[in-house]
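Chains G, E and R, in that order, give the protein sequences. Here the first sequence stands for residues 225 to 552, where the numbers follow my numbering. Here the second sequence stands for residues 623 to 944, where the numbers follow my numbering. Here the third sequence stands for residues -2 to 302, where the numbers follow my numbering.
Heads up, some of the hints might be wrong.
Claimed, not checked - Partial list, computed: chain R residues near chain E (C-beta under 10 Å):
{"no.": "1", "residue": "F170"}
{"no.": "2", "residue": "L185"}
{"no.": "3", "residue": "V187"}
{"no.": "4", "residue": "I242"}
{"no.": "5", "residue": "L278"}
These aren't lab readings, by the way, just hints derived from the structure by calculation. Remember, it's a predicted structure, so these values are computed and weren't measured experimentally. Every residue, glycine too, gets a C-beta built ideally from N, C-alpha and C.
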Amino acid sequence: MALLDVQDLQTYFHTEYGLVKAADKVSFHVNQGEIIGLVGESGCGKSVSILSIMRLIPSPPGETVGGKVIFEGKDLLKFEANGPQMRAIRGSKLTMIFQEPMTSLNPVLTISRQLTETLELHLDMDKHSARERAIELLRMVGVPDAARRVDDYPHQFSGGMRQRVMIAIALSCNPTIIFADEPTTAVDVTTQAQLLELMKDLVTRLDTSLVIVTHNLGVVARYAQRIYVMYAGRIIESGLSENIFNHPRHPYTVGLLNSVPKLGERHGTRKLIPIYGLPPNLINMPTTCAFLPRCTEKIGKCEKEPWPELRAVDKDHYISCYVDIKGK
Amino acid sequence: MTAYIIRRIIIGLMILILVTMLVFLLVRLLPGDPLMRYMANFSGTGQQNIMSPEQHEALLKEFGLDKPIPVQYWDWISKILRGDLGQSIGVGQPISKLIADVLPRTAYIGFLMFIVGTFGGILVGIYCALRRGTWMDNTLTTIANIGMTVPVFWLGIILIYVFAYKLGWFPMYGWVAPWDDFWKSCTYVVLPISAVALGGIAGMARLTRSCMLEVMRTDYVRTAWAKGLRERVIVIRHQLKNAMIPVVTALGGTLGMILGGSVFIETVFSIPGMGRLMVNAIFEYDYQVVQASALIFGGIIIFSNLLVDIAWGWLDPRIRFS
Amino acid sequence: MAEKPESSTPSVDAMGITAAPPRRSEWRRFSRVFFGRKLYLIGFIIVVIIFLAAIFAPLIAPYDPIKNDLPSRLQNPSTEHWLGTDQLGRDILSRIIYGTQISLIIGFSAVFSSAIIGALMGLAAAHFGGWVFAVIMRVADVLMALPAIILMMLIAGMMKGGGIWIVVFALSFGGIAPMCRMMCGMALSVKQNDYVLAGRAIGMSNWRIMLTQIFPNAFPPLIVGLTMGIGGVVLGEAGLSFLGIGVQAPTPSWGGMVMDGQRFLMTNPLISTLPGVAIMLLVFGFNMVGDGIRDAIDPRLRGVI
Chain G
225 MALLDVQDLQ
235 TYFHTEYGLV
245 KAADKVSFHV
255 NQGEIIGLVG
265 ESGCGKSVSI
275 LSIMRLIPSP
285 PGETVGGKVI
295 FEGKDLLKFE
305 ANGPQMRAIR
315 GSKLTMIFQE
325 PMTSLNPVLT
335 ISRQLTETLE
345 LHLDMDKHSA
355 RERAIELLRM
365 VGVPDAARRV
375 DDYPHQFSGG
385 MRQRVMIAIA
395 LSCNPTIIFA
405 DEPTTAVDVT
415 TQAQLLELMK
425 DLVTRLDTSL
435 VIVTHNLGVV
445 ARYAQRIYVM
455 YAGRIIESGL
465 SENIFNHPRH
475 PYTVGLLNSV
485 PKLGERHGTR
495 KLIPIYGLPP
505 NLINMPTTCA
515 FLPRCTEKIG
525 KCEKEPWPEL
535 RAVDKDHYIS
545 CYVDIKGK
Chain E
623 MTAYIIRRII
633 IGLMILILVT
643 MLVFLLVRLL
653 PGDPLMRYMA
663 NFSGTGQQNI
673 MSPEQHEALL
683 KEFGLDKPIP
693 VQYWDWISKI
703 LRGDLGQSIG
713 VGQPISKLIA
723 DVLPRTAYIG
733 FLMFIVGTFG
743 GILVGIYCAL
753 RRGTWMDNTL
763 TTIANIGMTV
773 PVFWLGIILI
783 YVFAYKLGWF
793 PMYGWVAPWD
803 DFWKSCTYVV
813 LPISAVALGG
823 IAGMARLTRS
833 CMLEVMRTDY
843 VRTAWAKGLR
853 ERVIVIRHQL
863 KNAMIPVVTA
873 LGGTLGMILG
883 GSVFIETVFS
893 IPGMGRLMVN
903 AIFEYDYQVV
913 QASALIFGGI
923 IIFSNLLVDI
933 AWGWLDPRIR
943 FS
Chain R
-2 MAEKPESSTP
8 SVDAMGITAA
18 PPRRSEWRRF
28 SRVFFGRKLY
38 LIGFIIVVII
48 FLAAIFAPLI
58 APYDPIKNDL
68 PSRLQNPSTE
78 HWLGTDQLGR
88 DILSRIIYGT
98 QISLIIGFSA
108 VFSSAIIGAL
118 MGLAAAHFGG
128 WVFAVIMRVA
138 DVLMALPAII
148 LMMLIAGMMK
158 GGGIWIVVFA
168 LSFGGIAPMC
178 RMMCGMALSV
188 KQNDYVLAGR
198 AIGMSNWRIM
208 LTQIFPNAFP
218 PLIVGLTMGI
228 GGVVLGEAGL
238 SFLGIGVQAP
248 TPSWGGMVMD
258 GQRFLMTNPL
268 ISTLPGVAIM
278 LLVFGFNMVG
288 DGIRDAIDPR
298 LRGVI
């Protein structure tokens, strides 16, 4: 039984240009202690899916119109977005790390206040023990001189340090699942690696599940056990990490992997091939496959039939395509 | 923080000195004879040309107006530093005494207008931001938009007509000091304060509303939601302090607007305050009084801007620690 | 995985580039936002009507706004005098119509002169920095330290005469500092952008950068500031005239009319209240047009609601 089971999640945005199906029948699950990668280009709906699960979609213009998010036997979508049940889960059992460390912390509150508020709220700690715990959490995420720096303000921290604080906040109430939305995109490369290692160590140690949302294939390749690839609001391929990387089956995933260099690859052994064209505009999309205009593998059926549902092509390996690259 | 406050005080003093120069130069360099009023008094007929050139010369000497401008300025400043604001030509009294009489009145009603205007406006703005898009928000925002266009003096006249003349709820005009008869004084200040406070409320409400909406869209407020906090906690702990930073910086401007409004309101309601003193002095060409009262107004604004800067530093740690 | 032959790359059309977000002309988007909200539209209509009234005043106004007609003084509204007459028998409607001319002339000249001086000061401060910045900002601080109306009273009151150009002079003094601060702030933020750096990299001169890069980008807020400024200046003019140190009688100025009518408030309340309504309409109109332009050009507000 999965910890979190997302079924056919649909989140739409009503914009002035028309309806945007930002997440369209997204299904995935997370098991205890797993690290999951949710991969795709910007605007493919990965962040929207996560925010929908957390019920943090700004409404209007956004609206989660369908699907189920089963967590601990209850459907989160049945709860009021900011009602008591949802608030009790948010920040304690399901927590989030956001992309922008520079702006995600409140500039006028001390680090201590921002850490202790979840502890006081969800764990009923008193001020003194919450503060002690906050210092302990900062030590845990590798903030040097934590006892002193706990009273600093965010602007006195570097971007990487701020993201450590965000990780500490996410970990503070012993969460079941942490969602990390592009956690390392805004920090420099060396810090990126440190942060990812830190997150991996911590979740392994605490037996917490981690969902990393990213467009960086390198990140998921190294850390994720299972991967979901998204395109234009849908999951188009999912499977075990090594399978996706070594034997991708969907033309988009194949194209994605062909377009990025691999570390340690010798110069000249493989030519990088870009995916031509742009991701589609999500407004008023045709019912056919959204990748069709860019696809190099298309067959006649693709133009006529609607975008196919996910189908199993191997054990735990699913694609939503009429063509199966390996099978060809 | 101490260093920050000291720096602000020094800047404030510097601006105060520059304001004395500005006021002095404007009064002295603009065309117009500073003795015009005196000459009219002197002749007793309102005709200026009765005074002979010799008498004119003598008067210029008596008032020190024959000296070069910088020397005159220095004379004026050094007198002010000794607490002497000069003599009123028209009334023939020390200006410091005139101002001591009228300043408490303006300070009293100005303070009340400021409190009502800012707090009222901030509360309305927060309410509208939280209820954005509802008919109450739309109604209040529209009223605020209209409120910003109402000339203070006109509103005063309308209030007199409706609430004093037609309904008879309040006295039409005049002034009773609160330290003489508090309750009676209250009935006298209600209309003047309402007239000026409306504009203040309107401006503050618009600003607060847009600042609150801006803050609501920030990443750190999203983080706060992701923590599972209640809306009330998010608004009070995470949004208000941030939204108040630009609002507080606008307080100085609001005070200026309210002091300016009080000039009109003192005219409409016949309240003998600073504004009235200055307007009368302008009509009587009592240049020393004009100079002194403009300086007092400037001083009040500079002092309150200093308080605003300190409040700003207290609100925003990025200022405090830089 | 085999390399794809060149021929199999999809053509540009097929790649979905045509399906990028629908392009709209800037003007259509602007007018959609601007005319899309009722308040802005009402403001725009008010401004248009006021302009028409000012231009065609001699044709529309039923009476001479200045000529006294003592026998028919202090009349209530009638078919002859739609809005009644004042204490000198002058038709109030005609005076209000001619008042648009005074308000617009003073409003525009004062706003433009303060905008030119203020904008130049602001641009110079932002561009040169250093001591130029310090000096200009102190000047602005000093001008802001006096409440605008006090500063204007000081100037208009000390320059006896009360001609409208003295009023314009006084009013523009009041607008310099805010305009200077705004332009300086805008220019500083524009200056941070890479395209200014790019201009410098290709060897553009300081003035050229200022004129071709900084000014056009700081221009939209300037337009908004100008539009909003007109409302403020008209209020200032009305205030000065109300105090008796603005436009002098018999010139029909709305503020002066409110002052004149105040004595007859109990018997003929229309004399002082109607010009006040005219002031409000004008200020409201320009404020709404300014708000509308701001909303229509502020990219941060695009797509919101």
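Hint by hint, here is what the structure shows:
1. Among the interface hints, the one on R/F170 holds; its C-beta lies about 9 Å from the nearest C-beta in chain E, closer than the 10 Å criterion.
2. Hint status for R/L185 relative to chain E: violated, with the closest Cβ pair at about 16 Å, above 10 Å.
3. For the restraint placing R/V187 at the interface with chain E, the shortest Cβ-Cβ distance is roughly 20 Å, beyond the 10 Å limit, so the hint is violated.
4. Given hint, R/I242 at the interface with chain E, holds; its Cβ is 6 Å from that chain's nearest Cβ, closer than 10 Å.
5. Annotation: R/L278 was flagged as interfacial toward chain E, and the flag holds, the nearest CB pair being 8 Å apart, inside 10 Å.
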